[in-house]
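Undergrad: Quick note, the sequences are listed as chains A and B, same order. When the letters of the first sequence are read in order and numbered with the numbering used here, they come out as residues 52 to 573. When the letters of the second sequence are read in order and numbered with the numbering used here, they come out as residues 52 to 573.
Be aware that one or more of the hints could be misleading.
Copies of the same chain look alike in the list, so a pair counts if it works inside one copy or between any two.
Stated by the list, open to error - Subject to a maximum C-alpha distance of 27 Å in a straight line, what follows is the list of computed BS3-like cross-link-like pairs (lysine-lysine):
hint : residue 1 : residue 2
1    : 341       : 190
2    : 209       : 165
3    : 341       : 519
4    : 341       : 165
5    : 186       : 232
6    : 209       : 196
What the hints contain is simulated information worked out from the structure, not anything from laboratory work. None of the values given here were measured: they were computed from a predicted structure.
Chain residues, written in single-letter form:
Number of protein chains: 2
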Amino acid sequence: MSEPNATPLTGAQALVGTLADHGVTACFANPGTSEMHLVTALDGETRIRSVLCLFEGVATGAADGYARVTGTPAMTLLHLGAGYLNAGANIHNAGRANTPMINVIGDHAVPHLKYDAPLTSDIIGLAGPNSRWIKSAHKVEDTGKLAAEAYAASYGPKPGPVSLLLPADSAWLEGGVIGPKTAAPSLRQVSGDAVKVAAKAIKAAQSPVMIINGTALTETGLQAAARLKAAGLRVLTDTFYGKMRRGAGVFAPERMQYFAEGAMADLEGSDLMVVAGTNPPVAFFSYPGKPSLLVPEGCEVLNLGDASTDSAATLSALADALGADEAAPVEALVVPDKPNGDLTAQSVGQSLARHMPENALVSDDGVSNGLMSYLPTQNAQPHDWMMLTGGAIGQGMPLALGAAIAAPDRKVICLSGDGAGMYTNQALWSMAREQADVTTIVFVNHSYRILNIELYRTGAGNPGPTAKDMLSIGGPDINWVQLSESMGVPAVEVTTAEAFDQALAEAITAPGPRLIAAVVPG
Amino acid sequence: MSEPNATPLTGAQALVGTLADHGVTACFANPGTSEMHLVTALDGETRIRSVLCLFEGVATGAADGYARVTGTPAMTLLHLGAGYLNAGANIHNAGRANTPMINVIGDHAVPHLKYDAPLTSDIIGLAGPNSRWIKSAHKVEDTGKLAAEAYAASYGPKPGPVSLLLPADSAWLEGGVIGPKTAAPSLRQVSGDAVKVAAKAIKAAQSPVMIINGTALTETGLQAAARLKAAGLRVLTDTFYGKMRRGAGVFAPERMQYFAEGAMADLEGSDLMVVAGTNPPVAFFSYPGKPSLLVPEGCEVLNLGDASTDSAATLSALADALGADEAAPVEALVVPDKPNGDLTAQSVGQSLARHMPENALVSDDGVSNGLMSYLPTQNAQPHDWMMLTGGAIGQGMPLALGAAIAAPDRKVICLSGDGAGMYTNQALWSMAREQADVTTIVFVNHSYRILNIELYRTGAGNPGPTAKDMLSIGGPDINWVQLSESMGVPAVEVTTAEAFDQALAEAITAPGPRLIAAVVPG
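Build out the structure end to end from the sequences listed, making use of the hints.
TA: Next comes the structure, spelled out in structure tokens:
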């Protein structure tokens, strides 16, 4: 479609063609009446694979997963303001992961807007705060141009989700023009002076620590991180990051603790904190009498750029400036013994370390069970780990779906809490339809277990029957095997470590989607 | 809690106590860490029943159903901006139904906000366009006062959803004060002069028509509507309304057609359109070359007040002004024969007419199957019918849940498309937990069938394989019996009219939730 327009294009065709010209190869969609011309435009665009999602939060979670794996944005197709709202929580999460994403939101035809039909809403108003960039293609001739703008805007200055509204008449009218090829901005490079200042401060510090995220968590970035570690820096990642290379042959930084009091105890005594690819660490929630900023008193903070910078390059330049010729050791491959006894998050992690194939992609929405599964996989085959960054649970299964579409040759493992999984259980259906190669592990404890911990931490008092009911998702217990199979994903429930180990081995060997309901202590 | 404060109250306690003082009796909740003090405050407030929902869209859909039945707002408990987004589509729907609703949105503690923790977002920005009123209780001493304000604001001038943000520190600190008892504003009365003008115009018109909604659809309003009908007015309801009294003994107005071309043909020749409790009718979507405003050319429009007015009173005053002493006949009870053969939406409607008990509540999210089920029930036992008003599918099951909590002594029937039901299938779990007396009928056609119709109507061209895939929710077919039972709701699938009739009779006799997967033509 990048040829001079021989046949006239509709606005929808110009939009879709422009995105395809820019390398967009997937569309996660939940269309409605106002998007019918977009749907048929996608019909004619063979460079874009369209994936139907039965709930919009699945579409945006999948677009997030897709982009984390490919490094390029996917498009979504959403149905007016209501569709955007349904999609919104996983757009929030993608924003916090700094994932490029192009949300195409169908709207009423421009002349129809003033009549305030039932689905009319102030889309710019409600989507704006959650979008890095937002515009409406009120004229058919602008559809291609704005699609190109949206593409570029999704890359930055700080990558993230953008919103392009497409009124129905701008979609159906002829007069669309393919937008100009627009280069995506690169991540910013931190200045050499800033790096020199940081190197000097590090040399002068007694107990310097570095917090990293972004491209610092790629293989290249971690090679530089290993040099910084060897030069005497403690290197930690944010508690939650978008994607990190891990496993055998890779340097493993530490990870910031989730609970503020633990993080502060751990950082106690640090006199310098250098931050690259992120912001100074902050408590996830606030608690009476506890700090928000996770920086020990008297510790100097040195900012070497946030998510809009190329932190891998920053780390490499810093290592050079420090004259760090050595590198801290990388992780060895350790295959744990087959675990036995009660099934726990830790034994799940051990089985993962035993069976995860090389280059697996892990989508972690495991909430209270995430950490204990995470630790044992540090010595597994090399893989990429992806986390929930924005705190809106219900991202794990959609993210895994998108990752599998992005990388059909890689095994995807999804870790989900049962509470988290219920939010967007419709992702299972899309996994079945697309035969996505995802093994989903649901930690079944019939509880918002994290909230039982948080209730105590916030000092909200002893829970009575109502509070207990609000934190329990048992009564009735959800049957995850039935739920999964109702949407076409074969499933099995296991209650022992041995049974899990076997189920995981089988699921990983079989292509296509599987679900394991892993019953763990509540 | 309305006593003078003997023991100090937290902000959360003052908020909850104030709402209870105002007659709020239900809270549909999906809490997170920032709402722990609200959860324990609810523990201590026995006047409010807390209902856990596993997805926020279920909570707001249920609050909508609750308020449609009781006439008073329920509160919801939502977790920051992400929780609000998940809740948003059914808040949009509630706004379009003019349903009072008090959404309490937990937020970070005020001093924590500036650190931009992962779940931080511009809640006022993103929730504002979807809220009739929105404020944040940034000071603990304001929590009660603002709760009282929120309660009143949910009633108007035009009833609808309001948003009250509760920062975590305003919840946990002591110093809360119960808010003053605040009267809810009543619906506006249309002036006698306006009624006289309308009566005169109606007398002068050749072919006058009236479009009604709001309180005109109560038993009282429909008695007045029957008088207007007898006086020579054609009386129609909006295509979609919040709640209407129907069935034997009740006057049945006509219903505006959904498709614009049908509606316009039907209204052809009308020279006066009087509108009460709503706005002049508008096409749900726009289509190339088709009108948006559904008013025939040359037809005068006379506005007798929108949803902020008491349209039952308007109709009564208008009937008086017209000297309408007679009333059009009410519907007779007609019990259809047992249907047989293939299961269709129409035979479902016939079975409903046979088995619906008196005073049943119907939640209709039946999309393309809604109308054919609707028509035969016009002569059923008297009942209330509730519709999806805002076009964001996925409201039916949550609305039914809320209706059942509101009226435990009434049978609730839910009609849902399979596409619609998938959006908020988590409602089934809450139905099971609460043993809500709901019979859910899912029209299973494995298709967004309405979109197959709309694709044609919008002239988007012949669907190719991608477009066909985007409109089909088969491949894999969803097993609704498994899905329902996985969440604790007994279910059965039927494929014939006879089997449906029997399944419905059984479900209606049994207390508690049931689901019938009604396989209908795609």
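Undergrad: Could you run down the list of hints and mark each one as holding or not?
TA: Right, here's what the structure says about each hint:
1. 341 - 190: Cα proximity of residue 341 and residue 190: across copies only (19 Å, versus 52 Å in one copy).
2. 209 - 165: between (35 Å within a copy, 19 Å between copies)
3. 341 - 519: within (25 Å within a copy, 55 Å between copies)
4. 341 - 165: between (50 Å within a copy, 15 Å between copies)
5. 186 - 232: within (18 Å within a copy, 44 Å between copies)
6. 209 - 196: For residue 209 and residue 196, only the intra-copy Cα distance (21 Å) is at most 27 Å; the inter-copy one is 41 Å.
No hint from the list above goes unmet by this structure.
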